[in-house]
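Visitor: Chain by chain, the residues run as shown.
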Amino acid sequence: MLEIKNLHASVNGKEILKGLSLTVKPGETHAIMGPNGSGKSTLASVIVGNPVFEVTKGTIHFEGKDLMELEPEERANEGVFLSFQYPVEIPGVSMVNFLRTAINEQRKYKELPAMTASDFLRYMREKKALIDMDNQLTNRSVNEGFSGGEKKKNEIFQMAMLEPKLAILDETDSGLDIDALRVVAHGVNKLKTPENSTVLITHYQRLLEYIVPDFVHVLHDGKIVKSGGKELALELEAKGYDWLR
Amino acid sequence: MSDELLQEVTESEYKYGFTTDVETEIIPPGLDEDVIRLISSKKNEPEWLLEFRLKSFRQWQKMKMPNWAHLNIPEIDFQAISYFAAPKKSNITSLDEVDPEILDTFEKLGIPLEEQKLLSGIAVDAVIDSVSVKTTFKDTLAEKGIIFCSFSEAVQEHPDLVKKYLGTVVPAGDNYFAALNSAVFSDGSFAYIPKGVRCPMELSTYFRINAANTGQFERTLIIADDDSYVSYLEGCTAPQRDENQLHAAIVEIIAMDRAEVKYSTVQNWFPGDKDGNGGVYNFVTKRGLCKGKASHISWTQVETGSAITWKYPSCILMGDDSTGEFYSVAVTNHFQQADTGTKMIHLGKNTGSRIISKGISAGFSQNIYRGLVRIGANAEEARNFSQCDSMLLGDKCGAHTFPYMELNNDTAIVEHEATTSKISEDQIFYCNQRGISTEDAVGLIVNGYAKEVMDKLPMEFAVEAKKLLQITLEGSVG
Chain G
457 MLEIKNLHAS
467 VNGKEILKGL
477 SLTVKPGETH
487 AIMGPNGSGK
497 STLASVIVGN
507 PVFEVTKGTI
517 HFEGKDLMEL
527 EPEERANEGV
537 FLSFQYPVEI
547 PGVSMVNFLR
557 TAINEQRKYK
567 ELPAMTASDF
577 LRYMREKKAL
587 IDMDNQLTNR
597 SVNEGFSGGE
607 KKKNEIFQMA
617 MLEPKLAILD
627 ETDSGLDIDA
637 LRVVAHGVNK
647 LKTPENSTVL
657 ITHYQRLLEY
667 IVPDFVHVLH
677 DGKIVKSGGK
687 ELALELEAKG
697 YDWLR
Chain S
101 MSDELLQEVT
111 ESEYKYGFTT
121 DVETEIIPPG
131 LDEDVIRLIS
141 SKKNEPEWLL
151 EFRLKSFRQW
161 QKMKMPNWAH
171 LNIPEIDFQA
181 ISYFAAPKKS
191 NITSLDEVDP
201 EILDTFEKLG
211 IPLEEQKLLS
221 GIAVDAVIDS
231 VSVKTTFKDT
241 LAEKGIIFCS
251 FSEAVQEHPD
261 LVKKYLGTVV
271 PAGDNYFAAL
281 NSAVFSDGSF
291 AYIPKGVRCP
301 MELSTYFRIN
311 AANTGQFERT
321 LIIADDDSYV
331 SYLEGCTAPQ
341 RDENQLHAAI
351 VEIIAMDRAE
361 VKYSTVQNWF
371 PGDKDGNGGV
381 YNFVTKRGLC
391 KGKASHISWT
401 QVETGSAITW
411 KYPSCILMGD
421 DSTGEFYSVA
431 VTNHFQQADT
441 GTKMIHLGKN
451 TGSRIISKGI
461 SAGFSQNIYR
471 GLVRIGANAE
481 EARNFSQCDS
491 MLLGDKCGAH
501 TFPYMELNND
511 TAIVEHEATT
521 SKISEDQIFY
531 CNQRGISTED
541 AVGLIVNGYA
551 KEVMDKLPME
561 FAVEAKKLLQ
571 ITLEGSVG
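Chain order of the listed sequences is G and S.
According to the working numbering, the stretch in the first sequence is residues 457 to 701, in order.
According to the working numbering, the stretch in the second sequence is residues 101 to 578, in order.
Read the hints as simulated data drawn from the structure, not as lab findings.
A quick note: this is a predicted structure, and the numbers were derived from the prediction, not measured.
Just a sample of chain S residues kept apart from chain G, beta carbon distances all over 10 angstroms, derived:
(1) F178
(2) K244
(3) R358
(4) M418
(5) D495
(6) A512
If you want the footprint, here are the derived chain S segments under chain G, 3+ residues with CB under 8 angstroms:
(7) 528-541
(8) 550-559
Where is the CB? At the ideal position from N, CA and C, for every residue including glycine.
Using the sequences provided together with the hints, build the complete structure.
Guide: Now the structure itself:
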């Protein structure tokens, strides 16, 4: 599904990713762990095409398509979703309007007719129920005045609405208390199917108690320095990152 | 944001730029007393109205073009403009007599004049160049005693009302363009809502400049008697021409005791091309007088067109407990200039006003808010709230705010808030990541920013206005 080879990327001329390779197959959950500054968030940003980062070398393929050839919105419409570490606020734009635009853009991309207002509202109700999304939040402007936990939950709600094939969750656990973490993880697990894949980017092993990965990779200085099963996360928790340096 | 994006979003075309091929009667360019006499006689006007025109003209001759606005206005040759143009075949009584080309024009603009097609039930007065071609639903309204007709017709049919109120809110000598309009005004709309009547449908005037080298000088007069209510919509477009066209209008509103008038404008005159050629000069005086106790006048405007806009819809709050509102979204792109805002003149006790202005500038444009809040010595307990927000798309445009306050009563409460913002790259990227293109993202964000004002528009207008904001800014992310 996702195939990254020898990826080099930089921001403002500073190289962050220095030859990273990663393969994610359908249905798999991968966790990317690593200390601050190791390039975790850069990896997420580069996959979704954030223009701030420049790819200097290497390739990213998604279902056989060269992602580097696609605009960010095309990547999204192909089924790549990023749950942002810091979701932005868009004042005055209601969640309903925002998601309806997004869904209809996706449908247009797939050459499907736009969803009618009533179908959309019904669909939204279903998804809200699925992940226990608070009614109030969808009536407000995109992320405006949301607490940290509400923002993260809203990301998962958008993921539920857009049904991506590949979801990248960037530090979804940061800033969440244990209850909020449980709710968010619960949502992610509910959305899991045998076909779609997840990449979890996290600092701590804590999130992995709730969303169990098939593979764990340790990122250090722009490269994956160690890969293993879920037990690797526990080892890291016990020993810290230093033993890998 | 990158220059590429900026270019992409700013290069959209004006879609109302077509001309209508219709036989037009047009008087030669030039302005003197004879031209004014000619206009007046063509309209078969009573003597007092001709006198009003001539007096205004003499006043205008002594006045100078105002230069206090933050605008760069090229010199206008008033002798090069034709002051009267009309599609031939006036005095139309039924729709069959309207030139099919004209019907087609309004159809293209999305304003069907055939009543059976008007599902939403808006009464329309359609003005092309100097004359009104058709007013719909006149009979339905007449049953309630509401008068809604072209200004010329009102002069003939309701001369007493016109004579009583014409020039009482905007005196002929008020300003340079008001004086010019008072001298040469051609047509426009007239509405009178009798005591206690709630107008059952939106009244609407649709203005269109068609003929070349003409000015449009329309005049609108709305009188809302005690305890009445009316909502009024105004739309404007013009063909795409290389030369500039002059539009100098006057709108006067009078609200009596507890009357309520809502006036909404979607102004989409041709703004000029992306290099700044052509476009309409829009110099308009709009003013409402809250004459009666607890009367209410509300202005809502969405300004996206015109090369130059000079316009300050205002309220004179004379009656005790009267209230005035001004909600504005002004968008400028390319080389457009807009100096717009409002005046709230508090005279009566316990009067209130609210100003919400949202400016959006893109390209090389200049967007200015200019507002005056004046609290008179007798305006006990008057209060005002003003909020002026500016949004900049790109770094070659300008946004300026000039709020003036004159407070002559210690019991008044006046608040002013102002912000300047930009669309952030993060917001755009967030939308992109959800599958929304940059252009649509800008449309969403700008509409969100302007929401408070857009929400004030009548339903019939809101959808069109939202699209318009998006089209105007197409390609202007900066």
